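Engineer: Residues per chain are reported as follows:
Protein chains: 4
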Amino acid sequence: MIRFEYNTHVYYKDVDQMGIVYYNRYYEYFEAARTELLRKIGIDVTTIETSGYYLPVITSHCEYLSGAKFDDRLIVETVIRELPKLKLKIEYVVYREKNKEKLVTGHTIHVFTDKNGKPVRPPKDFLHQLNKVF
Amino acid sequence: MIRFEYNTHVYYKDVDQMGIVYYNRYYEYFEAARTELLRKIGIDVTTIETSGYYLPVITSHCEYLSGAKFDDRLIVETVIRELPKLKLKIEYVVYREKNKEKLVTGHTIHVFTDKNGKPVRPPKDFLHQLNKVF
Amino acid sequence: MIRFEYNTHVYYKDVDQMGIVYYNRYYEYFEAARTELLRKIGIDVTTIETSGYYLPVITSHCEYLSGAKFDDRLIVETVIRELPKLKLKIEYVVYREKNKEKLVTGHTIHVFTDKNGKPVRPPKDFLHQLNKVF
Amino acid sequence: MIRFEYNTHVYYKDVDQMGIVYYNRYYEYFEAARTELLRKIGIDVTTIETSGYYLPVITSHCEYLSGAKFDDRLIVETVIRELPKLKLKIEYVVYREKNKEKLVTGHTIHVFTDKNGKPVRPPKDFLHQLNKVF
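Chains as they are written, first to last, in the numbering used here: chain P, 271 to 404; chain E, 271 to 404; chain W, 271 to 404; chain H, 271 to 404.
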């Protein structure tokens with residue numbers, strides 16, 4: 271299992287007229303969180319892409335328990351539980367930093383594709399890096 | 271069952287460096303689609319809010335089959351299959367207009383809340399309007 | 271002079287906790303408006319790009335007079351006043367459809383570049399199309 | 271003069287199909303930068319709002335010199351040069367951290383309004399805090 275905490279901060283740009291973060295913005299926080307999780311274990315998205323691979327999302331899912339507000343500091347707990355065969359699943363839990371309230375849970379599922387969008391097996395380097403930390 | 275087709279168009283703002291619509295933008299298309307579906311059956315989001323209700327999302331979900339591209343015209347087929355008791359589920363299928371390719375499927379689940387975010391039963395007017403078209 | 275009216279509609283995704291459209295969203299309306307203006311005079315952004323050109327923004331500017339609100343229908347009046355030599359300037363005025371209130375004025379300035387981002391003269395086809403309608 | 275450096279990081283969500291940050295995203299970086307500049311001198315946007323004031327943007331402006339790319343670390347140098355009478359002008363310069371290349375310059379102009387959007391003089395506390403650091 272790989273576990274990582276990404277920290278972010280809510281600004282006006284993300285908050286709607288209910289005074290809470292608009293529902294699709296959490297997916298932007300998830301993207302930043304998984305980019306940093308991968309970097310931390312030695313996997314760089316740009317390197318993946320210059321090697322001829324893409325890692326698009328094939329499933330996205332969120333459960334909203336409570337709304338993050340303007341100026342909230344958030345913790346995005348990001349977890350990979352299983353080594354990917356074809357699909358890579360990443361799970362997220364968003365907490366408000368100051369009171370540790372759980373606000374949102376979610377996950378994304380990814381596949382590797384070539385430049386033409388055809389699904390392919392994960393590159394060996396990727397699996398190698400992942401294996402080292404599991 | 272209520273069924274509605276919302277049309278939208280992909281601009282640069284939504285497309286990422288893979289040349290496809292960034293994964294969380296479909297949720298913006300879904301929001302526009304459900305707003306128009308509700309309007310079509312006589313339900314106005316502003317009226318809901320001035321009556322003291324909000325209709326936040328509690329679940330969002332997407333499956334990505336193929337990526338929409340810059341300048342694609344999209345059809346967002348939007349469906350309510352069941353009258354809501356507490357939760358309102360809305361389903362979406364996104365097609366590329368020109369070749370009818372299915373690109374994305376998804377759903378959102380909503381609850382009514384009062385101004386303080388406390389879940390409440392759907393307002394009677396809302397159920398009344400929905401009942402008329404089911 | 272070329273003049274075009276683009277219509278758009280404000281949804282939740284664009285509205286902030288002041289209850290008005292977040293200030294950078296008008297630039298997304300501008301992008302859609304200029305894409306449609308160009309299409310109307312026979313210029314297709316995708317064709318420009320497959321010919322090896324890009325048309326990035328080098329200046330963006332907005333004056334905010336009054337805030338658009340959720341569910342407002344907007345008219346984006348879009349104007350090209352001068353044939354471009356190196357720079358293409360496009361001007362925008364955003365009106366609320368129902369009361370014709372002027373909400374925002376702005377402009378963007380563009381240059382043509384090659385794939386490497388080097389500024390180049392506008393392609394002949396582009397000038398030809400523009401000349402036809404001026 | 272008040273000067274502040276805000277650091278941010280470019281993720282996929284901000285990058286378009288030219289492979290550079292979409293032109294309106296810099297305004298989101300500016301918003302975060304000015305929020306943090308104000309916080310640093312003891313001014314909290316939420317406190318402003320709970321005191322009955324808003325601080326909307328009345329002008330936004332950007333000059334784009336070079337495009338930020340995915341995974342770039344950016345420095346947003348943020349400056350207030352003059353004590354506001356009615357209008358508060360904030361200037362921004364965006365640099366790529368690794369090579370100090372200047373990418374974007376811009377500014378925003380703000381006024382204080384009451385809850386109804388009517389322009390008012392800056393609150394005394396705000397001027398007091400600003401005066402202390404000028």
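Incorrect hints may appear among the rest.
One copy or any two copies: either way a pair holds, since identical chains are not told apart in the list.
[To be verified] Keeping only pairs whose Cα atoms sit at most 20 Å apart, straight-line, the calculated EDC-like set for lysine to aspartate or glutamate is:
#1 K385 / E319
#2 K368 / D314
#3 K394 / E347
#4 K359 / E333
#5 K339 / E361
#6 K355 / E333
#7 K310 / E298
#8 K402 / E333
#9 K339 / E298
#10 K372 / D314
Calculated from the structure, these hints are not laboratory results.
Bear in mind the structure is a predicted one, so any value in this text is a computation, not a measurement.
Engineer: Next, verify each hint and record whether it holds.
Structural biologist: We went through each hint and held it up to the structure:
1. K385 / E319: Classified as both; 9 Å inside a copy, 18 Å across copies.
2. K368 / D314: between (31 Å within a copy, 17 Å between copies)
3. K394 / E347: Cα proximity of K394 and E347: none, with 26 Å in one copy and 40 Å across.
4. K359 / E333: Both. Shortest intra-copy (16 Å) and inter-copy (13 Å) distances satisfy the 20 Å Cα cut-off.
5. K339 / E361: neither (22 Å within a copy, 27 Å between copies)
6. K355 / E333: Answer is between: at 19 Å across copies they meet the 20 Å cutoff, but 26 Å inside does not.
7. K310 / E298: For K310 and E298, the Cα distance is within 20 Å only inside one copy (18 Å; across copies 26 Å).
8. K402 / E333: Classified as neither; 31 Å inside a copy, 30 Å across copies.
9. K339 / E298: This pair counts as both: shortest intra-copy Cα distance 16 Å, inter-copy 17 Å.
10. K372 / D314: neither (29 Å within a copy, 25 Å between copies)
Hints 3, 5, 8, 10 from the earlier list are contradicted by this structure; the remaining hints agree with it.
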